[in-house]
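Peer 1: Letter by letter, the chains look like this.
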Amino acid sequence: MQDALSWGGIILRILQQFLPVWIALIATFALSLRFKRHLGLFGKLFDSPVGMIGLALVLFWVFTALFANMIITMDPIGQFGRTKNPLPGLPLTGVENPPYPYFLLGGDHLARDVFSRMVMGAREVLKIAPFATAFAFMVGVTLGLPAGYFGGKLDTALSFLANLVLAFPVILLFYLLVTPEIRDTGIPVYLAAVLFIFPVIFTCTVLNSRFHTDPPKRNLMIGVTLVIGLWAYSGLAFNLDPLGIWSMGPNLLNVFVSVVFVNAPTVFRIVRGLVLDIKARDYVAAGQTRGESAWYIMLWEILPNARGPLIVDFCLRIGYTTILLGTLGFFGLGVTPESPDWGSTINAGRKLLLLYPHAAIVPALALMSLVLGLNLLADGLREESLKD
Amino acid sequence: MTDTPWDPSMPILEIDQLSISFFTRMREIPAVMDFSCKVMPGEAMGLVGESGCGKSTVALGVMRDLGKNGRITGGSIRFKGRELTTMTEEQLRQLRGSEIAMIYQEPMASLNPAMKIGAQLIEVPMIHQGMGRAEAMALARQIVEDVRLPDPDRILQAFPHQLSGGQQQRIVIAMALMSKPALLILDEPTTALDVTVEAGIVDLVKDLGRKYGTSMLFISHNLGLILDVCDRLCVMYSGEAVETGNVAQVFDKMRHPYTQALFRSIPLPTAHKTSRPLVAIPGNFPLPHERPNGCNFGPRCDYFAEGRCDQADVRMSALPEDDRHASRCLRWSEIDWDAPLAKVVTKEKAAIGEVVLKMEDLKKYYSVSSGSFGGGDEKVVKANETLTFEARAGETLAIVGESGCGKSTFAKVLMGLETATSGSIRLFDENVQSTPIQQRNTDTVSSVQMVFQNPFDTLNPSMTVGRQIIRALEIFKQGSSDAERHARMLELMDLVKLPRAFADRMPRQLSGGQKQRVGIARAFAGGAKVVVADEPVSALDVSVQAAVTDLLMDIQRENGTTLLFISHDLSIVRYLSDRVMVMYLGHVVEMGTTDQVFQPPYHPYTEALLSAVPIADTRVIRKRIVLEGDIPSAMNPPPGCPFQTRCRWKDQVPNGLCDREMPPVRQLQGAHQIKCHLSDEILAGMEPVIKLAGE
Amino acid sequence: MLKFLIRRISVMIFTALVLTFVVFFLTNLPPNLEKLARSEGSVRMTDDAVASWIVENGHGGPLLGRYAEWLGLAPGWTLTDEKGVTRGRCIDVYAEAGSAPTFCGILQGNWGISTFAKEPVGDVLGRSLGATGWLMFWVMMVMVPASLVIGILSGMREGARTDRVLSVFSIASTATPEYVSGVILLAVFASVNAGLSPLLRDWGLLSDRTLFYGTATSAMDKITFWNFALPVMTIALYGIGYISRMTRASMTEVMTQQYIRTARLKGVRFRDVVLRHALRNALIAPFTVIMLQFPWLLNGVVITELLFNYKGFGWTLVQAAGNNDIDLLLGCSVVAVLVVLITQLISDIGYVFLNPRIRLA
Ligand SMILES: Nc1ncnc2c1ncn2[C@@H]1O[C@H](COP(=O)(O)OP(=O)(O)OP(=O)(O)O)[C@@H](O)[C@H]1O
Ligand code: SF4
Ligand code: SF4
Ligand SMILES: [Mg+2]
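Chains as they are written, first to last, in the numbering used here: chain A, 2 to 389; chain B, 16 to 710; chain C, 4 to 364.
Treat the hints with caution; some may be incorrect.
[Claimed, not checked] Result set (EDC-like, lysine to aspartate or glutamate): computed pairs, CA atoms no more than 16 Å apart in a straight line: (1) B:Lys-83 with C:Glu-122; (2) B:Lys-492 with A:Asp-215; (3) B:Lys-83 with C:Asp-166; (4) B:Lys-195 with B:Asp-161; (5) A:Lys-280 with B:Asp-472; (6) B:Lys-83 with C:Glu-161; (7) A:Lys-218 with B:Asp-497; (8) B:Lys-544 with B:Glu-321.
Think of the hints as simulated: they come from the structure by calculation, not from any bench.
Use the sequences and the hints to build the structure in full.
Peer 2: Pasting the structure below:
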């Protein structure tokens, strides 16, 4: 029978498990520092210590998610040994051919390895958060641009809708929207049908407004977009992709749609405000006096110049989405019980929190460090984009 | 109040070899180098120079308020004999506001929006003299009267936003005078104001300076204003003083090539383009960290001598004629200062062709809801009232007026960004009055184009310069392939005299003047027949203004374009326009050829406008007409004649007609028209406002 | 001003109607009703029985009609079965079939019966709101002063060391959602085996098992520092970070304004520049933010009450949702939506009040 590992030993072994991440991180930083003058805003990030720390934290988790298979010590949903709630560093006993001799960060009440679950949890979170945020941005931008640009009735109506969603306490919305009953009614699919079409519309408008002076080129580009876009759309929203490449389980779809739904109105408001500011500029008037179409002006004259605040908000919002996903997990909504995502793990761990805190603390700290990284990154980006 | 004895025959302020730098992450930016000047008691010292030359930095240096990254790196500043550069924060605090006060450019921004005027004023004596509240309030009331504001009690109880720009600036002045400072620093105090309001403020500053015996450091980029206000001046270029002396000396016997070039590049309303052509200063102002070796002005100087001017730093040298006249030029004694201007090729004026644009009874009303919450009554803003005129091919028509008079609205209607409320606009015999731009055909759109006012706003910051011009070509259906359009774009770059390599640059890599050139190239991309230029040079430095103006006129001449030149600057209007249209509160009050408008008979408003223009010419004798009050809001214009609230001729019209009836448009000689009730005799008896001393 | 208020309030009422309708729709979806039928009737009901149970209990008919009934704008349903017993929405509540009123929706004060607590919803809500009220009160007492002070201290000298330290703190606390900070606080201060308690016990400084209480259930009867500090801090931490970031941003912006320079060059002391000239202008934005934080605070309340087992509003909401208690869930939603809308209204009015530029324009 081996001894339990000391804290020093635990840390050493964890550092060792993360080896692929360290290599990737060092490579990224070395290259970026070397070429930082050619990398635009991303390069400038390396002038701000806060931004660099943020970026390092975020990249750490991104690489962890990428290399999760190499990092984990045990199957994250497998149960190992007879001891319940093994403490950090405890050797794994009573199992033949143990995949790894120790519970590095202990185990939970079902004797699952906390370390491996945390690592896999990163993958769960990063699989959804950035994409859900990106979708929310597409929706918010596509609606916010015309609302700010045209104003009038359209603006009144859209703003009212956005305020309606914003007046809903998020938690209530989740309790109402992310339930098996709702999935039975098919409402998430309808919502997805509406929300997921936005990226396709968005891309087509972008291309059309830019290339309508050159129809053959325009037709080609829009055609390609439509084929790929609608193919993905059919798979993601309705699970009808004939090739089966694009698909999303009903649970995942439900979670995804709800998160997009919660985020989009805020993005809408931000975009609308930026448009109101930028549309008073002379270059917009210059576009109008050239007879440019409204969408060209919105997408090519206004949007690129709103990118600074939008990029910053995008980072912040991924963090916020991560928190929302955690909240969903914490309430046990929409995810399978054995899912290693951080929210669910915290929820499972909190029952024995006062006796065995490690099972909940580890994912809690993981979640916090990712969101902190994103916030710091946003702060660094904001600071650097203002200095010009 | 000071404990150190100070002899009143000594200078109030003595700046000696002052250097100030700002420290950024990238580098140190030496904003002011080796700057010296002296202000005697009761003297008004002017500081002129282009933007970025360090005028405000000097002022803030005197106040020792340079922000986090600014530092005085050398030299000394003595105020009443006391060294300011080494004072502690507490000593400085006691000096600020009580002995040295400062006034800035943006009156609205310098007043606290959440505090009543009275509270902001009484703070000064309460801090410095330990005055009681009631006593301070009484003093405030008296000073508010001194700055000639009506109804002081109401004003003391008001918040800043309830006052007009001119009133706010008077309050800022009052605040500076609350504890009768010995030195007043004014940093472009009138730049944000209209000319007629500016004239009032300038008069006030002069009178108060005399009344309280305050010394002044008056900063401006406008030589005319300096002539009006100051006794002495100091010309700055790129962080250095290049010439200093009393006003008469510097204006008439300048001894530095930059001062000379500056005077040659500004238009005067007294002179026509043929009699006194403008000469632009070649090249651009060097950035602080890109200054050349030796003389900073070297690369742009006509008298540059290789091997001398580009060696060691040039020092300020006193001129023999005394009265503290000095110049920072190595060759001042060698240059023939009275040599006439090298003959400038006067270009043939393009022939004026047939009518291309005709507006008749154009009206544009906006309905706005008053009241802060959108619930108030609908009100109508009459931005343009019955505009009638025509413009011919190859002609330059200037549209003059102060802010809010409807100049920009007119441009918007013509461009089709707004549709007119009534009336007709005929462009090449096609009625476009109610055709918004989306419905106009490409030909019409490309033949009416616009050049915008703000160079920092006119180009899309995230697209290369070349791409923006190519986009205009695409939209105007010019060229049949990408390659052809690219070639055409390069030609346009040549046309506006920009290096072709600039096509790949982003707008932020260009200077203001260069951006404005790109804007012009873009406007002419589709072979525009009518170009509306909305204050195209007013945001540029004087030394580049001339170059951009000339460029615009050259292109116009070559293409026979009709140029509608919107401006509030009568000097430049005199310089370049064939005909002038003067607007006030949405009405055209006077229209005629340039000579007709600049000579009597005038419309009373034109007369006031002319007399308010600061002119940088010591020979000019001006009749000073200071208009009372501010421009009324277009939301509730006065009944009768729009100008009646400020008109000094009003009592010459019998029966109070001006208060009741809108004057008719009167045709005078030629095509000269005036909207006024004054009788022909009175009009004929008007005297010119601007005269040259010799005339 | 009056016109503005009227307009603003009518928009608010309209919003409330739409939102409650959406909630009504989502809680009364057919699967929910079927579940209700099975839990109220019997688990082994046939599909037909379920369908008739739904109709017999007033859950049939068009949705809009049922919504109006629930609101109290339409007469409550009645149904007389074969045995001649008349039942109905209003009759169940007011016992007597004859004397029952025709309308009995929430406008008449009838919020329905909670199937979970077996009590009228009004009573349940009243009790839990009372408990949550105390929680919110203490959260506000901690959060508002703390975040304003932090924000102003760090914003008044941008980039100084105080600013850097405080900014890192507030960024970190915005990165810590309640379920994370709650878990950490519990582990550090209230765990038997970890954190401070075992240490303190070893040193003989602590006689109890843990320093703070791990649950706040006892705070339902009597609030003490030891049972309430952790839940209050859990909610407040996130808000402190967020609001102090806002205050800082607003403060740094104000400090760069011309009028601050004017004040400084008038010879006003730095302290007075901050207190007399900057503060009021800098507080306009955070005030709005504090008010708009309520939807988020509600989140925090739900999580914290669940974590600390404090039977307040959030706990009730979770129980209602978990137990398919339709009337209770509807009641909770109405309260939540109203709280959000009213705080938005206050924020609008306060903004106008604080900003003389708008008030008197
Ligand atoms: N969209 C609008 N809605 C309401 N009123 C407007 C609008 N645009 C202009 N106005 C009003 O019409 C009047 C004329 O405005 P305009 O912009 O044409 O003046 P301007 O002479 O160009 O002023 P400046 O020199 O300051 O640019 C002003 O009183 C202005 O407030
Ligand atoms: S020193 Fe030489 S370059 Fe400089 S201003 Fe005099 S003549 Fe010109
Ligand atoms: S009509 Fe009367 S008020 Fe108007 S400009 Fe003429 S004289 Fe003055
Ligand atoms: Mg204008």
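Peer 1: Run every hint past the structure and note whether it holds.
Peer 2: To see whether the hints hold, each was checked on the structure:
At most 16 Å may separate the alpha-carbon atoms for a hinted pair to count; Lys-83 of chain B and Glu-122 of chain C exceed this at roughly 65 Å. Restraint check: the Cα-Cα separation between Lys-492 of chain B and Asp-215 of chain A comes to about 10 Å, which is no more than 16 Å; the hinted pair holds. Between the alpha carbons of Lys-83 of chain B and Asp-166 of chain C the distance comes to roughly 14 Å, so the proposed pair stays at or under 16 Å and holds. For a cut-off of 16 Å, the pair hint linking Lys-195 of chain B to Asp-161 of chain B stands: about 12 Å separates their Cα positions.
Of the pairs offered as hints, the one joining Lys-280 of chain A and Asp-472 of chain B holds, with about 11 Å between alpha carbons and a cut-off of 16 Å not exceeded. For the suggested pair Lys-83 of chain B and Glu-161 of chain C, the alpha carbons sit about 10 Å apart, so the restraint of at most 16 Å is met. The suggested pairing of Lys-218 of chain A with Asp-497 of chain B holds, with an alpha-carbon distance near 12 Å, which does not exceed 16 Å. Proposed proximity of Lys-544 of chain B and Glu-321 of chain B is contradicted: the alpha carbons are some 46 Å apart, above 16 Å.
In terms of the numbered hints stated before, the structure departs from hints 1 and 8, listed from lowest to highest.
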